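**Student:** For reference, the chains in residue letters:
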Amino acid sequence: MEVIFKRPKALSDREFTYCPGCHHGIIHRLIAEVIDELDIQEKTIMVAPVGCSVFAYEFFDVDGTVAPHGRALAVATGIKRALPDMIVFTYQGDGDLAAIGIAETIHAANRGEKLTTIFVNNAVYGMTGGQMAPTTLLGQKTTTTPYGRTAANDGYPLHVSEALSTIDGVAYLERTTVSTTKDILNTKKAIKKAFLAQIKGLGFGMVEVLSTCPTNWGMSPVEAQNWLLENMVKEFPPKVFVDKVGD
Amino acid sequence: MKKLMMKGNEAIAESAIRAGCRLYFAYPITPQSEIAEYMARRLPEVGGVFLQTESEIATVNMVYGAACTGKRVMTSTSSPGFSLMQEGISYIAGAELPCVFVDVVRGGPGLGNIQPSQGDYFQAVKGGGHGDYRLIVLAPSTLQEAVDLTQLAFDLADRYRNPVLILADGMIGQMMEPVELPEMRDLSTLPDHSDWALRGARNREPHRIAAFNIDPVGLEKMNKRLQEKYRLIEASEQRWEEYRVDGAEYLMVGYGTMGRILKSVVDSLREEGIPAGLFRPVTLWPFPKRRLKELAKKVQLIFVVEMSSGQMVEDVQISVEGKVPVHFYGRMGGVVPTPEEILFAFKEVRKWK
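If you read the protein sequences in the order shown, they are chains A and B.
With the first letter of the first sequence counted as 1, position 73 gets the number 73 in the working numbering; the numbers rise by one all the way through.
With the first letter of the second sequence counted as 1, position 335 gets the number 335 in the working numbering; the numbers rise by one all the way through.
Hints are computed from structural coordinates only; laboratory data are not their basis.
Computed from a predicted structure; not experimentally measured.
Be aware that one or more of the hints could be misleading.
Said to hold, decoys possible - Below 35 angstroms or equal to it, Euclidean Cα-Cα: the simulated DSBU-like pairs (lysine-lysine) are:
| # | chain 1 | residue 1 | chain 2 | residue 2 |
| --- | --- | --- | --- | --- |
| 1 | A | K43 | B | K224 |
| 2 | A | K239 | A | K200 |
| 3 | A | K189 | A | K239 |
| 4 | B | K229 | A | K43 |
| 5 | A | K43 | B | K126 |
| 6 | B | K221 | B | K298 |
| 7 | B | K298 | A | K9 |
| 8 | B | K351 | B | K298 |
Claimed, not checked - Simulated restraints, written as ranges between beta carbons of each label pair:
| # | chain 1 | residue 1 | chain 2 | residue 2 | range |
| --- | --- | --- | --- | --- | --- |
| 9 | A | K239 | B | D192 | 38 to 48 angstroms |
| 10 | B | N203 | A | A151 | 53 to 63 angstroms |
| 11 | A | I199 | B | N113 | 41 to 51 angstroms |
| 12 | B | F122 | A | P84 | 32 to 42 angstroms |
| 13 | B | R231 | A | T17 | 44 to 54 angstroms |
| 14 | B | N223 | A | P84 | 16 to 26 angstroms |
| 15 | B | G47 | A | K244 | 25 to 35 angstroms |
Quick reminder that beta carbons are idealized off the backbone N, C-alpha and C, glycines included.
Turn these sequences into a full structure, and let the hints steer you where they fit.
**Tutor:** Encoded structure:
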């Protein structure tokens, strides 16, 4: 019998430990499929973050390490500068990349580091139990914005991709979702281009994937999916910001 | 081999390159910025990488990343910058990665000033970051020793898969002395580390490097293994210098710049017929406890001098186990004690005794 769907080679045989309805599993799979298709598994090094996906380096069948909170792009820079022929990627949440690690993010992008970043934005701190993130929407309730986020007290949702789009070192930058089959296929295409930006030596590549956190949003997976499509995409519209890779 | 007149910071930088360091990341801070400036010029000449970072926090994490590849990597900084690196150092120690740090200590706390100080002893030797870890800490007192210890630092880092710190001070960084530089190491002779380094999982299982374990028993096991390594380092790597300790009744103890000033103090005392000697720790961790304990049995008084309020003195007290009185004299804020004032302070103490 012909096998038409199987586990990507770049995924290890460990079972994902994420909550039901969380998008990490989908995004992990897409990255692994891209690594397989580009045939770069043996030269890929992953930098995992602090947060829910701290274990990500065990889910991929590639060399990997875990960076201190927010510092994945600094660690990745060290690896890539030591071994320029390797393909290095970071996988980071919004707390990691947009709050504590925003300086490392901006400067890695600005140096045009030949790195690929998958930025998973679910508008909340997941592992620590649902506190406000820089990307939390105005009015959104979290454990540290129990009355809803206000601009007066907490500032505005941070638009990381918009900010990075002004930086010359960025070679590929797109914001996507994985809410429908079409979106999933598009996200895979975006991830591939973000890797190609690195492989072709063009500069920094990042894909911001809007993602759900049913557990901390206090919703069922389906409700979370709908909330994302109704609210998050308004604040963070999916879009290709920078594409120096071409077709 | 011919001797060159070099500035301390530059001598350390050149020695690192000759030891095989080809990766250097740093953020400028006085009084050690000449290391970065020297590396920026020299590393491209030998096919190396120089990168000026956006912060000391980014620096230490780039060092972490580069060390994950098993190549020789270094950074340098001064006290406030070293404080910022502590979290990353804890990760690097936990992940057991070889790399070299240079801390050219300045006055503190806070912004302090840019004059020489020894106020970083605690954060260097006792561990400024979280968790149970140790750095190997080397303290040069001359520029030749700074050159030699830089070589040793890379070798110890590789041997024990542990970060090594060269703890100097503004005096060592800024002064000039003739030095004899070692030959350039052949990179192919350096330890390979391919059994654990991240270089792409070709024809092998993936390597994973991380200083964490969510399971308490697993994390304790990791810690026990680290502690075993530290006991081995303590047993094998205690280094010190003795000067005129034969027949000494009074033992001066100081490290780095203080160690060299104390040599002239000892000479002056000997000229006056007062039998003094010097014990200068070269490794601050592991502290040369063994030998100091032996010497403590032979002297009447130990006199510790530091450019701090008294930080190493605690290790001296622990080493001598109360067998002999330990007195302390220190200056802070970047003030370097003169031989004359140390002589005066010592004689006061001796008078009461």
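**Student:** Do the alpha carbons of K189(A) and K239(A) lie within 35 angstroms of each other, as the hint requires?
**Tutor:** The given pair, whose Cα atoms are some 13 angstroms apart, holds under the 35 angstroms limit.
**Student:** Taking the CB of N203(B) and the CB of A151(A), does the distance hold inside 53 to 63 angstroms?
**Tutor:** holds (55 angstroms)
**Student:** Just tell me: holds or violated, for the beta carbon distance of G47(B) and K244(A) against 25 to 35 angstroms?
**Tutor:** Cβ of G47(B) to Cβ of K244(A): about 28 angstroms, so the range 25 to 35 angstroms holds.
**Student:** Taken at face value, is the distance from the CA of K126(B) to the CA of K43(A) at most 35 angstroms?
**Tutor:** violated (39 angstroms)
**Student:** Is it true that the CA of K221(B) sits at most 35 angstroms from the CA of K298(B)?
**Tutor:** violated (41 angstroms)
**Student:** Can you let me know if the beta-carbon spacing of N223(B) and P84(A) is within 16 to 26 angstroms?
**Tutor:** violated (35 angstroms)
**Student:** For the pair supplied as a hint, K298(B) and K9(A), is the alpha-carbon distance within the 35 angstroms limit?
**Tutor:** Not OK: K298(B) and K9(A) at ~68 angstroms, beyond 35 angstroms, violated.
**Student:** With the threshold set at 35 angstroms, check whether the alpha-carbon distance from K351(B) to K298(B) stays at or below it.
**Tutor:** With Cα atoms ~20 angstroms apart, K351(B) and K298(B) stay inside 35 angstroms; holds.
**Student:** Between K239(A) and K200(A), does the CA-CA distance stay at or below 35 angstroms?
**Tutor:** holds (22 angstroms)
**Student:** Please test the hint of 44 to 54 angstroms on the beta carbon pair from R231(B) and T17(A).
**Tutor:** violated (36 angstroms)
**Student:** Checking one constraint from the list: CA of K229(B) to CA of K43(A), max 35 angstroms. Satisfied?
**Tutor:** With Cα atoms ~32 angstroms apart, K229(B) and K43(A) stay inside 35 angstroms; holds.
**Student:** If I claimed the Cβ atoms of F122(B) and P84(A) lie 32 to 42 angstroms apart, would that claim hold in this structure?
**Tutor:** Since F122(B) and P84(A) have Cβ atoms about 39 angstroms apart, the given range 32 to 42 angstroms holds.
In summary, the structure is inconsistent with hints 5, 6, 7, 13, 14 from the numbered list given earlier, while agreeing with the others.
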